[in-house]
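**Q** Sequence order for the protein chains is A and B. Take the first sequence: its position 50, counted from the start at 1, is 50 in this note's numbering, and no numbers get skipped. For this note's numbering, count along the second sequence from 1 and bump the result up by 1000.
No lab work stands behind these hints: they were computed from the structure. It is possible that part of the hints are untrue.
Unchecked claim - Derived DEER-like restraints, expressed as beta-carbon distance ranges:
hint : chain 1 : residue 1 : chain 2 : residue 2 : range
1    : A       : Glu32     : B       : Ala1073   : 55 to 61 Å
2    : B       : Glu1083   : A       : His26     : 16 to 22 Å
3    : A       : Glu32     : B       : Thr1098   : 53 to 59 Å
4    : A       : Ala48     : B       : Asp1217   : 52 to 58 Å
5    : A       : Phe23     : B       : Asn1265   : 23 to 29 Å
Just so you know, even glycine gets a beta-carbon here, dropped at the ideal spot from N, CA and C.
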Amino acid sequence: MEKANLPELLADSPIRGQGADRFQYHLAIEDEGGRRELTVSEDQMPEALRSLVDRVKAAGRGA
Amino acid sequence: MHSRSHGLHCVLPPMVLENIARKGDEAQREWATRALSQDHSIRLARVQNSLAGVATSSQRGDALVGVATPRPARVISDAHGTEDVRGPIVRREGDAPTGDTATDEAYDGLGDTFEFWLSAYSRNSIDDAGMPLRGVVHFGEQYPNAFWDGQRMVFGDGDGDVLGLMTGSLDVIGHELGHGVTEKEAGLEYFGQSGAMNESLSDVWGSMVKQYKNHQDAASADWLIGSEVWTPNIAGDALRSMKAPGTAYDDPLVGKDPQPDHMDNYVETIQDNGGVHINSGIPNRAFYLAATEIGGFAWEVSGRIWYEALRDPALRPDSGFGAFARLTVVAAERFQGQGSPAATAVKDAWETVGVPTEQPALQSLTAH
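Pulled out of the complex, with its shape left as it was, chain A reads as follows:
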């Protein structure tokens, strides 16, 4: 979570991509700071956030 630098990304949300028909990821983050939502296009996702998303997806698959 820390590596993903979420505060900076949240400030820029929604982060739209180039072109058309790209996947968008909508992240809801809940912690002691409350609930915040981040929208980011797959082609604009920083590597650190991509790692976080991959882990969340893997958890969802039960991997």
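Once you have looked at the hints, place chain B on chain A.
**A** For chain B alone, kept in the frame of chain A given last:
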């Protein structure tokens, strides 16, 4: 952009043809509109001649001698399961089939799309200037999508369980390349209502590419987008239905098609860039209604009207449904005549889906 910046060598300036196309009687409007379409191809040929050093003076014969019919310039790359769109080229224009299904389907689909634009609207590739058609196959790992990245069309393989190969759907290919056309002509912003209009136009182009390839008229077309994409595991006919938005799929895993078919059900959301794939159902149905009411081959009249509206300089990047609808009426009246059955069909189609075609008083053209 295409060749409008080059010098012209015609006796009749295009503005004269445009005035006749706008103000003449039915027969005059017909020939002037056709002349404008052919005129563009001739201008392109003259530019090509000039660039190739071919004689253009009347003293040296026909200015068009030696001009080749535009041909596609296809380049297919293979990402080999990575997300690198600059992978090795596996098939170039004129190369024999490779035996890889995705590569060969992408190659054929890009060619069919090129052929549609050239034959139907005398448009030489996406940018009307012979832009190479680039495709990337085997993008990502079981990547369940296809997209236009601004320069190329990218195809995933699907996961095989929910979604199959994206290259197998000609209307999807036509849709994605259609984004390039819309980008070059109007640059409709990919957000909110302008984005939904952008998406709808791609469905219009994609559906017509398929109809053209299959020689189908509007009455016999299925008006489905991506009917080949779902696997048999999914309860769905397609990704979208232009004829009946909201009915393309209803499955426990992937959910129900969320598209509305009327402005009363317009979806306000921040997801999906403001619902660009959702609210496109409204203008999609408008095109379906206009095309089936007008009849014949969709690309000949209704498609032409939509294309001319896209090319109208009054269409702004932030234009919404209403602005585009009004431009289709203008185009229909110019192309077919004021009060013509086609112009009436276009107005009725938009009214049916809840998009007014009359200019609102003191409102932005981007309003709903």
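**Q** Would you mind marking each hint as holding or not holding in the structure?
**A** Each hint, compared with the structure:
Taking the beta carbon of each, A:Glu32 and B:Ala1073 are about 57 Å apart, inside 55 to 61 Å as hinted. Take B:Glu1083 and A:His26: their Cβ atoms lie about 20 Å apart, and the range 16 to 22 Å holds. Between A:Glu32 and B:Thr1098 the Cβ separation comes to about 56 Å, which falls inside the hinted range of 53 to 59 Å. Look at A:Ala48 against B:Asp1217: about 53 Å separates their beta carbons, and that is inside 52 to 58 Å.
Taking the beta carbon of each, A:Phe23 and B:Asn1265 are about 25 Å apart, inside 23 to 29 Å as hinted.
Hint violations for this structure: none, all hints satisfied.
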